[in-house]
Amino acid sequence: MNEIIAIIIAAVLSWINFVLIDTWMGLPEQPGVKGAEVIGRSVKRRGGDLAGGFFQGNIVCSPDASAGTLLASAACYTIGTPEGGLIAAILVYFGNRLCADPGYAGTTGALSITCIIFAASYIGIGPADFIVGMVLAIVTIQGLYHPFSSRLLGKIAKKMGRHTKLP
Amino acid sequence: MIIHANVLITILSYILAIISAIIVGLFLRMPILPERPMRYSFTISIVFPTSVLAIGFTAILFKLGHNGLLVAVVVGVLTAIFAKYFLESLLPKPQTEESS
Amino acid sequence: MLIQILGIIVLLMALRTLFAQDRSERMLYLNAMSFGIAGLMALYIQTPFGAIIAITYFIASTISSNAIAYSIGRVKNEIILDE
Numbered sequence: 001m002n003e004i005i006a007i008i009i010a011a012v013l014s015w016i017n018f019v020l021i022d023t024w025m026g027l028p029e030q031p032g033v034k035g036a037e038v039i040g041r042s043v044k045r046r047g048g049d050l051a052g053g054f055f056q057g058n059i060v061c062s063p064d065a066s067a068g069t070l071l072a073s074a075a076c077y078t079i080g081t082p083e084g085g086l087i088a089a090i091l092v093y094f095g096n097r098l099c100a101d102p103g104y105a106g107t108t109g110a111l112s113i114t115c116i117i118f119a120a121s122y123i124g125i126g127p128a129d130f131i132v133g134m135v136l137a138i139v140t141i142q143g144l145y146h147p148f149s150s151r152l153l154g155k156i157a158k159k160m161g162r163h164t165k166l167p
Numbered sequence: 001m002i003i004h005a006n007v008l009i010t011i012l013s014y015i016l017a018i019i020s021a022i023i024v025g026l027f028l029r030m031p032i033l034p035e036r037p038m039r040y041s042f043t044i045s046i047v048f049p050t051s052v053l054a055i056g057f058t059a060i061l062f063k064l065g066h067n068g069l070l071v072a073v074v075v076g077v078l079t080a081i082f083a084k085y086f087l088e089s090l091l092p093k094p095q096t097e098e099s100s
Numbered sequence: 001m002l003i004q005i006l007g008i009i010v011l012l013m014a015l016r017t018l019f020a021q022d023r024s025e026r027m028l029y030l031n032a033m034s035f036g037i038a039g040l041m042a043l044y045i046q047t048p049f050g051a052i053i054a055i056t057y058f059i060a061s062t063i064s065s066n067a068i069a070y071s072i073g074r075v076k077n078e079i080i081l082d083e
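From first to last, the protein sequence lines stand for chains A, B and C. Those letters in the first sequence? Residues 1 to 167, per my numbering, in order. Those letters in the second sequence? Residues 1 to 100, per my numbering, in order. Those letters in the third sequence? Residues 1 to 83, per my numbering, in order.
None of these hints come from the bench; they were simulated from the model. Please note that the accuracy of each hint is not assured.
Derived lysine-lysine pairs resembling DSBU-like cross-links, with alpha carbons at most 30 Å apart [what the hints assert, rightly or not]:
1. LYS34/A with LYS159/A
2. LYS159/A with LYS44/A
3. LYS165/A with LYS34/A
4. LYS34/A with LYS76/C
5. LYS44/A with LYS155/A
6. LYS93/B with LYS76/C
7. LYS63/B with LYS84/B
8. LYS155/A with LYS34/A
9. LYS155/A with LYS165/A
10. LYS34/A with LYS158/A
11. LYS165/A with LYS76/C
12. LYS44/A with LYS165/A
13. LYS44/A with LYS34/A
14. LYS165/A with LYS93/B
15. LYS63/B with LYS34/A
16. LYS44/A with LYS158/A
17. LYS44/A with LYS76/C
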């Protein structure tokens, strides 16, 4: 498969994986730690959505499904599928507990992307494409224009019933 | 789809590791599911994180060269014991942050 | 080619961090850069130890970003006395 198309497909799959799992695990609902609240309020002040801001702040301050996706892809690339993803899941779990997070989002993200990588290997997309795809996906959320991406995350959170109730 | 015997034994080993961790966890009286809402609780239960740790440690041992069903069963048993007694002291529950 | 793509992303995020005005905004660009560097580590050191290094680096950078974001919030509430 053409390398560019493989990277784009991997980016879309990683984006869907981590946004859906993180939203379902309640990242837009409340800031997990104080630092996430600071970032969330700053995004809201600059014209974004508060729930989307909490989502972005939680990504910065604690390993979540985005970290699980990236690290599971890196582990699958170097150690092999599926053992790499399973090893990454326990390491992400330890990292989560070190950051005062229960650990559900990170491990679920790692395990689900391991299944997706295993399935995608049958159509010619390798774990290395998923590493680059995941970095591209996180740049669209954290690195382009925060008010727009936070409003998009807020709309997804509202649809899944996870929008924040904080003022 | 042709499934080779090696892949079948590997999948069976992972499932056996989870099953043995669940059985020993039930024997040690660990809660099966954490309390609701599940995504915010720090309780160590059978489904999470014991099962995840069981297949993770099995994967580490498989990559280090020790393959087979017996390895998976032993790892499942040891993981359940580890999760019940040692995990809490290794990774303590965080106290709620004080606000200034 | 994959390493070049990640390298360009890391450079762009680093430049945005330098030129951003808001301190909290910089944290978001730094976080995107950490993702890129962790990916670079895994792609360059292609052995299992490379994955361990990438995971350790990423979790350590997350803990640092957590501490920095917390301190940004605390500093805002301080009253600075000018001598």
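(message) Holds or violated: LYS63/B and LYS84/B, Cα atoms, limit 30 Å.
(response) Since the Cα atoms of LYS63/B and LYS84/B sit roughly 25 Å apart, the hinted pair holds (cutoff 30 Å).
(request) Could you grab the alpha-carbon distance between LYS165/A and LYS34/A and see if it respects the 30 Å cut-off? (result) Status holds; Cα separation ~17 Å.
(message) Check the hint pairing LYS34/A with LYS76/C against an upper bound of 30 Å on the C-alpha distance.
(response) Given pair LYS34/A, LYS76/C holds - Cα atoms ~13 Å apart, limit 30 Å.
(request) Would you check the hint for LYS44/A and LYS165/A, treating anything up to 30 Å between C-alpha atoms as holding? (result) Satisfied, since the Cα-Cα distance of roughly 14 Å is no more than 30 Å.
(message) Need the status of pair LYS93/B, LYS76/C: alpha-carbon distance at most 30 Å?
(response) holds (29 Å)
(request) Verify the proposed pairing of LYS44/A with LYS34/A, using a straight-line Cα cut of 30 Å. (result) Cα-Cα ~16 Å, so holds.
(request) Would you check the hint for LYS44/A and LYS155/A, treating anything up to 30 Å between C-alpha atoms as holding? (result) Answer holds: LYS44/A to LYS155/A is near 14 Å, not above 30 Å.
(message) Tell me if the straight-line CA distance from LYS34/A to LYS159/A falls inside 30 Å.
(response) Between LYS34/A and LYS159/A the Cα gap is close to 26 Å, so the pair holds against 30 Å.
(message) Next pair to validate is LYS165/A with LYS76/C; report whether the Cα-Cα distance is within 30 Å.
(response) Within the cut-off at roughly 24 Å; holds.
(message) For a C-alpha distance cap of 30 Å, please report whether LYS155/A and LYS34/A respect it.
(response) The hint holds at about 24 Å.
(request) Compare the distance between the alpha carbons of LYS63/B and LYS34/A with 30 Å, and conclude whether the hinted pair is satisfied. (result) Between LYS63/B and LYS34/A the Cα gap is close to 39 Å, so the pair fails against 30 Å, i.e. violated.
(message) Check the hint pairing LYS44/A with LYS76/C against an upper bound of 30 Å on the C-alpha distance.
(response) With Cα atoms ~16 Å apart, LYS44/A and LYS76/C stay inside 30 Å; holds.
In summary, the one numbered hint that this structure violates is 15.
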